[in-house]
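Visitor: Here's the letter readout for the chains.
Protein chains: 2
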Amino acid sequence: MSAVFERIAIIGAGLIGGSIARGAMEKGAAGAVSIFDMDAASLKRAGEIGLGDVRATIADAVRDADAVFLCVPVGAMGQTGRDSAAAMKAGAILTDVGSVKGSVAKELHAAAKPGVHIIPGHPIAGTEKSGPDAGFGALFEGRWCIITPDGGGDAEYRAATDRLAAFWEKLGSKVERMDAQRHDLVLAVTSHLPHLIAYNIVATAYDMESVTEGEVVKFSAAGFRDFTRIAASDPTMWRDVFLNNKEAVLEVLGRFDDDLTALRKAIRNSDGKTLFDVFTHARGIRRSIIDAGQDTAAPNFGRDIDEKK
Amino acid sequence: MSAVFERIAIIGAGLIGGSIARGAMEKGAAGAVSIFDMDAASLKRAGEIGLGDVRATIADAVRDADAVFLCVPVGAMGQTGRDSAAAMKAGAILTDVGSVKGSVAKELHAAAKPGVHIIPGHPIAGTEKSGPDAGFGALFEGRWCIITPDGGGDAEYRAATDRLAAFWEKLGSKVERMDAQRHDLVLAVTSHLPHLIAYNIVATAYDMESVTEGEVVKFSAAGFRDFTRIAASDPTMWRDVFLNNKEAVLEVLGRFDDDLTALRKAIRNSDGKTLFDVFTHARGIRRSIIDAGQDTAAPNFGRDIDEKK
Numbered sequence: 021m022s023a024v025f026e027r028i029a030i031i032g033a034g035l036i037g038g039s040i041a042r043g044a045m046e047k048g049a050a051g052a053v054s055i056f057d058m059d060a061a062s063l064k065r066a067g068e069i070g071l072g073d074v075r076a077t078i079a080d081a082v083r084d085a086d087a088v089f090l091c092v093p094v095g096a097m098g099q100t101g102r103d104s105a106a107a108m109k110a111g112a113i114l115t116d117v118g119s120v121k122g123s124v125a126k127e128l129h130a131a132a133k134p135g136v137h138i139i140p141g142h143p144i145a146g147t148e149k150s151g152p153d154a155g156f157g158a159l160f161e162g163r164w165c166i167i168t169p170d171g172g173g174d175a176e177y178r179a180a181t182d183r184l185a186a187f188w189e190k191l192g193s194k195v196e197r198m199d200a201q202r203h204d205l206v207l208a209v210t211s212h213l214p215h216l217i218a219y220n221i222v223a224t225a226y227d228m229e230s231v232t233e234g235e236v237v238k239f240s241a242a243g244f245r246d247f248t249r250i251a252a253s254d255p256t257m258w259r260d261v262f263l264n265n266k267e268a269v270l271e272v273l274g275r276f277d278d279d280l281t282a283l284r285k286a287i288r289n290s291d292g293k294t295l296f297d298v299f300t301h302a303r304g305i306r307r308s309i310i311d312a313g314q315d316t317a318a319p320n321f322g323r324d325i326d327e328k329k
Numbered sequence: 021m022s023a024v025f026e027r028i029a030i031i032g033a034g035l036i037g038g039s040i041a042r043g044a045m046e047k048g049a050a051g052a053v054s055i056f057d058m059d060a061a062s063l064k065r066a067g068e069i070g071l072g073d074v075r076a077t078i079a080d081a082v083r084d085a086d087a088v089f090l091c092v093p094v095g096a097m098g099q100t101g102r103d104s105a106a107a108m109k110a111g112a113i114l115t116d117v118g119s120v121k122g123s124v125a126k127e128l129h130a131a132a133k134p135g136v137h138i139i140p141g142h143p144i145a146g147t148e149k150s151g152p153d154a155g156f157g158a159l160f161e162g163r164w165c166i167i168t169p170d171g172g173g174d175a176e177y178r179a180a181t182d183r184l185a186a187f188w189e190k191l192g193s194k195v196e197r198m199d200a201q202r203h204d205l206v207l208a209v210t211s212h213l214p215h216l217i218a219y220n221i222v223a224t225a226y227d228m229e230s231v232t233e234g235e236v237v238k239f240s241a242a243g244f245r246d247f248t249r250i251a252a253s254d255p256t257m258w259r260d261v262f263l264n265n266k267e268a269v270l271e272v273l274g275r276f277d278d279d280l281t282a283l284r285k286a287i288r289n290s291d292g293k294t295l296f297d298v299f300t301h302a303r304g305i306r307r308s309i310i311d312a313g314q315d316t317a318a319p320n321f322g323r324d325i326d327e328k329k
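Chains A and B are the protein sequences, given in the same order. Mind the numbering: the first sequence is residues 21 to 329 in my numbering, read in order. Mind the numbering: the second sequence is residues 21 to 329 in my numbering, read in order.
Among these hints, one or two may not hold up.
It does not matter which identical chain is used: a pair holds within one copy or between any two.
In silico BS3-like cross-links for lysine-lysine, where the CA-CA straight-line distance does not exceed 30 Å [as the list claims (entries may be wrong)]:
1. 285 to 266
2. 293 to 64
3. 64 to 285
4. 64 to 194
5. 266 to 47
6. 149 to 238
7. 194 to 293
8. 266 to 109
9. 238 to 109
10. 194 to 238
11. 266 to 149
12. 47 to 285
13. 190 to 238
14. 285 to 126
15. 126 to 238
16. 293 to 109
17. 293 to 126
18. 285 to 133
19. 194 to 285
It should be emphasised that the hints constitute simulated quantities derived from the structure, not laboratory data.
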């Protein structure tokens, strides 16, 4: 079976970039991989562990690539996209893996030059680790990858979109096409809000620890511990998600806050009926997830967990 | 090795009651188990699957027991405790497994009669399942069990406390003695707040689903799914926890809300520095949990997960 792309370029040799590089080679989705990272140590390490052909600049990395994957924090997509597009060959695809699609699509389209196909993407996969060594080829197996192509593209653009979808499928992903704004709202609910809340609950507990003298950590298995796993995620990545998906996040956060105010009031008023009704109602969506086959035996905050950190 | 108690009584044949019954017999911590449940179907089922000697009333169940374990929702502890204490023999232990200790201790002490030793307890273990069939003997292995004995007990009381601790240790638990008020504050942080927040986030997403047309469920693996696992927990149990640990829960909820308001403001003001600092800071407590050996490879919200529901 022939490769989908003769050569791909990975810009950013972190967990996702490294996993695309490994997956593409292991599964024969690309004939060759060029790799660049603006951090010299990461780039050196990427070369040492064989993630791809190390290139000294973005321009060198993308020049001969059929598809360029921007695997950098959302806040760095604009500059990285401009540097890439300027050096890319005609007919090549410029895509990304950012967790926010509206703002990234805007920046990439602004960076575009004729003949380069802008097709933003978002593989919904990860672990709480980062860096070149964190990547592994099976990361995307069975996971969704959302791509947000232009609705109005021509035949050549549509063919490029099909090629990008085929690449992700070869890595084991289930590909979904979606409008960028819709992606940002759905992910605000399913990913961004849960992460923000988890960060917040960890911060709260951290403050409480002066009162509880280490016992929050000691008895963390009672539920709290699982929220802390998220706290090991990359702070830069998440800062950029919240800065770039502000509108949708604030909307769902407003709803969350309204709901929490109602629960707090029920507790204060010893209103057992409201508490019972909310808790019972919450079973419905749990049941939907099980029925939709989206449950797994072990919760993992959307991450594959391969070993103890 | 001889049993710690010749006979124990389990009041409430649910997940915890069933697991104590099984654990006590499997590990030889008790010579015999009497069991009662106010729900006729659960009691019948408990007998069918061999959880213990089925008794028709609480009085019948506790009369010849050396230790009585109240395994009912926190809100039912008062009545169950009174019914039990009235029929118990002198020198026997009356304990419980409730997630709140201050209010339960008060109710049990009020129910006490001379010669019955009141020693509240809380095994920090569970799954999201409930009912007689959910129990298994290994549930408490390696898990904390907090007991909150009276500080001022006499020698006989202290000996009874040691016996109860030995029972839990035989089931595999690590036993910790703690003041009831302190237990309630620590658990408000490590368990009650995380569960309330998880219930709330599920409710919020449920409301959003009308806007997102089923895509919250579809892409739930991005982080949201893990919060929904909690929504399968017993609504009655959790209603009672929040009604009976109101003060501590409202205190930590107030802190959580202050912290969330600050994060929301940072997002609204595009204040990336604050977001980055909070996210980075949160790594500290995560590191503490790993260093304290309280981490596991798979997050489980304080539950042992044995199979797909």
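Visitor: Compare the structure with each hint and give your call.
Guide: Taking the hints in turn, this is what the structure says about them:
1. For a Cα distance limit of 30 Å, the shortest separation of residue 285 from residue 266 qualifies both inside one copy, at 28 Å, and across copies, at 11 Å.
2. Only between protomers do residue 293 and residue 64 lie at most 30 Å apart by alpha-carbon distance; the minimum there is 29 Å, versus 60 Å within a single protomer.
3. Taking the shortest alpha-carbon separations for residue 64 and residue 285, neither the intra-copy value of 56 Å nor the inter-copy value of 39 Å comes in at or below 30 Å.
4. For the homomeric pair residue 64 and residue 194, neither the shortest alpha-carbon distance inside one copy (32 Å) nor that between copies (47 Å) is at most 30 Å.
5. Taking the shortest Cα distances, residue 266 and residue 47 never come within 30 Å of each other, neither inside one copy (37 Å) nor across copies (55 Å).
6. Proximity of residue 149 to residue 238 under the C-alpha cut-off of 30 Å is found in both arrangements, the shortest distances being 24 Å within a copy and 25 Å between copies.
7. For the homomeric pair residue 194 and residue 293, neither the shortest alpha-carbon distance inside one copy (42 Å) nor that between copies (36 Å) is at most 30 Å.
8. In this assembly of identical chains, residue 266 and residue 109 lie within 30 Å of each other by CA distance neither inside one copy nor across copies; the values are 34 Å within and 64 Å between.
9. In the homo-oligomer, the alpha carbons of residue 238 and residue 109 never lie at most 30 Å apart, since the shortest distance is 56 Å inside one protomer and 37 Å across protomers.
10. When the C-alpha separation of residue 194 and residue 238 is checked against a cutoff of 30 Å, the pair qualifies only between copies, where the shortest distance is 12 Å, while the shortest distance within a copy is 40 Å.
11. When the C-alpha separation of residue 266 and residue 149 is checked against a cutoff of 30 Å, the pair qualifies only within one copy, where the shortest distance is 25 Å, while the shortest distance between copies is 37 Å.
12. Within a single copy, residue 47 and residue 285 get their C-alpha atoms no closer than 54 Å, and across copies no closer than 45 Å, so neither meets the 30 Å cut-off.
13. For the homomeric pair residue 190 and residue 238, the shortest alpha-carbon distance between copies (21 Å) is at most 30 Å, but the shortest distance inside one copy (44 Å) is not.
14. Taking identical chains as interchangeable, the C-alpha atoms of residue 285 and residue 126 lie at most 30 Å apart only when they sit on different chains, with a minimum of 25 Å there against 42 Å within one chain.
15. Taking the closest pair of Cα atoms, residue 126 and residue 238 come within 30 Å of each other only across two copies (26 Å); inside a single copy the shortest separation is 47 Å, beyond that limit.
16. Proximity of residue 293 and residue 109 under a CA criterion of 30 Å is satisfied in neither setting, with 64 Å inside one chain copy and 37 Å between copies.
17. Taking the closest pair of Cα atoms, residue 293 and residue 126 come within 30 Å of each other only across two copies (24 Å); inside a single copy the shortest separation is 48 Å, beyond that limit.
18. In the homo-oligomer, the alpha carbons of residue 285 and residue 133 never lie at most 30 Å apart, since the shortest distance is 55 Å inside one protomer and 37 Å across protomers.
19. For the identical chains of this complex, residue 194 and residue 285 are neighbours neither inside a copy (43 Å) nor across copies (36 Å), given an alpha-carbon limit of 30 Å.
When held up to the earlier numbered hints, the structure conflicts with 3, 4, 5, 7, 8, 9, 12, 16, 18 and 19 and fits the remainder.
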